[in-house]
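A.B. asks: Top to bottom, those sequences are chains A and B. If you count by the working numbering, then the first sequence holds residues 276 to 663, one letter each, in order. If you count by the working numbering, then the second sequence holds residues 11 to 139, one letter each, in order.
You may find that some hints are simply not true.
Unchecked claim - What follows is a set of in silico ranges between Cβ atoms, one per label pair, in the way DEER data are often shown: (1) A/579 / B/40: 27 to 33 Å; (2) B/39 / A/498: 53 to 59 Å; (3) B/95 / A/340: 42 to 48 Å; (4) A/335 / B/49: 28 to 34 Å.
Honestly, the hints are just simulated from the structure, not real lab data. Since the structure is predicted, the reported quantities are computational estimates derived from the model, not experimental observations. Note that CB positions come from ideal geometry on N, CA and C, so glycine has one too.
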Amino acid sequence: MTRVRVAGGGLTHFGVHPERTSRALFGEAGEAALEDAGVDREDVESVFFGNFMGELAEHQGHMGPLAAEALGIDAPSTRYESACASSGVAVRQAVQNVRNGEADVVLVGGAERMNNLPTAETTDALAIAADDLYEVRAGMTFPGAYALMEDAYFEEHGGTREDLAHIAVKNHQNALGNEYAQFQKEIDVETAMEAPPVAEPIHLYDACPITDGAAAMVLVSDSYAEEHDLDAPIAITGTGQGSDRLALQDRDELTRTPAAEDAGAEAFEDAGIDPDDVDLAEVHDCFTIAEALAIEALGFFEPGEGIAAARRGETTATGDLPVNLSGGLKAKGHPVGATGASQVVEMAKLLAGTHHNSDAVADATVGVTHNAGGTVASTAVHVLEVVE
Amino acid sequence: MSDEPARDAGYDDFLDAIAEGEPYYLECPEGHGSLPPRQVCPDCGASELSESELPEVGTIVAHNVVHVPTPRFLDDTPYATAIVDFGPVNVTGQVRGLDPQDVENGQDVTITIGETETDGDRLVVFEPV
Ligand SMILES: [Zn+2]
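Could you put the whole structure together from the sequences, leaning on the hints where they help?
C.D. replies: As structure tokens, this is what we get:
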């Protein structure tokens with residue numbers, strides 16, 4: 276089985292770009308990825324594209340061919356949809372494609388256009404990641420679903436909204452200097468605490484923004500990297516995926532995310548590492564409580580301990596395990612179908628020393644990305660390591 | 011083909027049963043509970059599913075108060091949604107008969123069918139015992 280290298284990555288600005296189609300956004304990110312990789316587009320053998328709500332936002336299905344066309348690539352191209360984990364799952368498919376010898380060069384990423392819809396319609400579109408019959412028709416929104424998990428967490432483990440505000444403050448701090456981030460604005464705990472409610476106990480600063488953007492990367496086999504003398508010091512050494520029952524009401528517990536536990540365990544075993552070996556992580560903080568659940572599911576913290584990790588300084592840029600040095604979904608933004616791929620792009624740069632926050636993790640060799648769909652009914656986890 | 015939206019078999023039957031005061035859940039030979047539509051038990055795959063009576067009273071295990079709704083609930087905010095434990099199954103619905111801010115976990119409720127303020131669509135509603 277060949278090892279998979281990250282040859283290059285590209286991102287658009289994450290932000291409010293309602294006039295830009297997802298195909299145009301992906302064209303920009305993909306072009307940047309090919310240039311960064313120094314790989315000829317003719318060498319790309321397959322395209323893996325993540326997108327969640329194209330039908331609702333752009334009246335566009337069948338986006339795989341469009342994604343390849345946007346890059347002038349003549350190769351099989353498939354769209355992957357797993358809600359907010361769409362491009363994390365696409366990355367996993369791309370990794371497996373290279374590993375099993377089907378291809379030496381693949382392009383993988385995702386794009387999402389969201390701000391062209393009014394907020395209520397975007398809320399409606401995001402809600403379809405939940406169970407339509409038993410959740411959406413009962414009035415559950417996407418923030419509302421995480422609010423139920425947060426409420427259950429408080430009930431079982433304690434913790435406070437103020438603990439969660441520290442996660443938001445940390446991720447905003449990390450986004451300062453990230454030219455791709457939607458917010459490059461410091462916030463304080465008081466501001467987060469006083470923000471208006473979205474779905475109590477979730478308030479505005481607990482929630483990621485609505486974002487347009489795209490991410491892409493070129494993955495190559497070890498042998499291709501050597502033959503073409505590529506500067507590709509980072510490898511994806513572990514991949515894992517997990518699923519859970521779609522509706523919260525059908526799960527045994529509301530305060531754990533078994534799909535992420537499974538994906539993490541599989542990815543760590545695949546890479547031959549333990550949670551203790553991990554130097555930094557990019558996790559799916561669509562809401563502040565989601566970051567707490569993620570770092571617990573990955574085994575970095577015991578259940579009930581994740582919520583105050585940022586407050587204790589353990590997951591800040593200067594902590595033992597920096598989490599979301601990109602700014603996370605919270606401050607960098609969350610163009611749903613692009614998020615999983617963008618986490619991997621950011622992580623590769625962090626480990627390669629080319630990220631604005633690389634100095635915070637100068638000696639780091641192992642990073643983990645965690646991309647969750649819906650209320651974590653889908654999760655893709657990847658392990659990235661410095662191999663050169 | 012008709013211009014009327016089709017029923018969702020199983021789900022709409024479940025709501026009808028609640029409205030008639032005879033709510034049920036699906037039970038497999040192993041005793042796992044689930045809600046329709048189901049071909050097999052999601053826990054064990056058993057295909058012999060029978061309708062069993064849903065316990066009359068359930069307990070709220072988690073709740074929220076929604077302020078930013080989807081279009082179908084624009085005139086309904088703020089409202090509380092809750093996940094209610096009925097024993098063999100949990101059910102999600104809107105809590106009525108209480109100020110949303112007064113809803114608490116541990117509260118015992120019964121299940122009924124209500125309509126949204128916005129469009130009059132029917133939905134699962136919980137009322138305090
Ligand atoms: Zn069963």
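A.B. asks: Now tell me if each hint is right for this structure.
C.D. replies: Evaluated hints:
no.: 1; hint: A/579 / B/40: 27 to 33 Å; verdict: 32 Å, holds
no.: 2; hint: B/39 / A/498: 53 to 59 Å; verdict: 54 Å, holds
no.: 3; hint: B/95 / A/340: 42 to 48 Å; verdict: 47 Å, holds
no.: 4; hint: A/335 / B/49: 28 to 34 Å; verdict: 32 Å, holds
In this structure, every one of the numbered hints holds.
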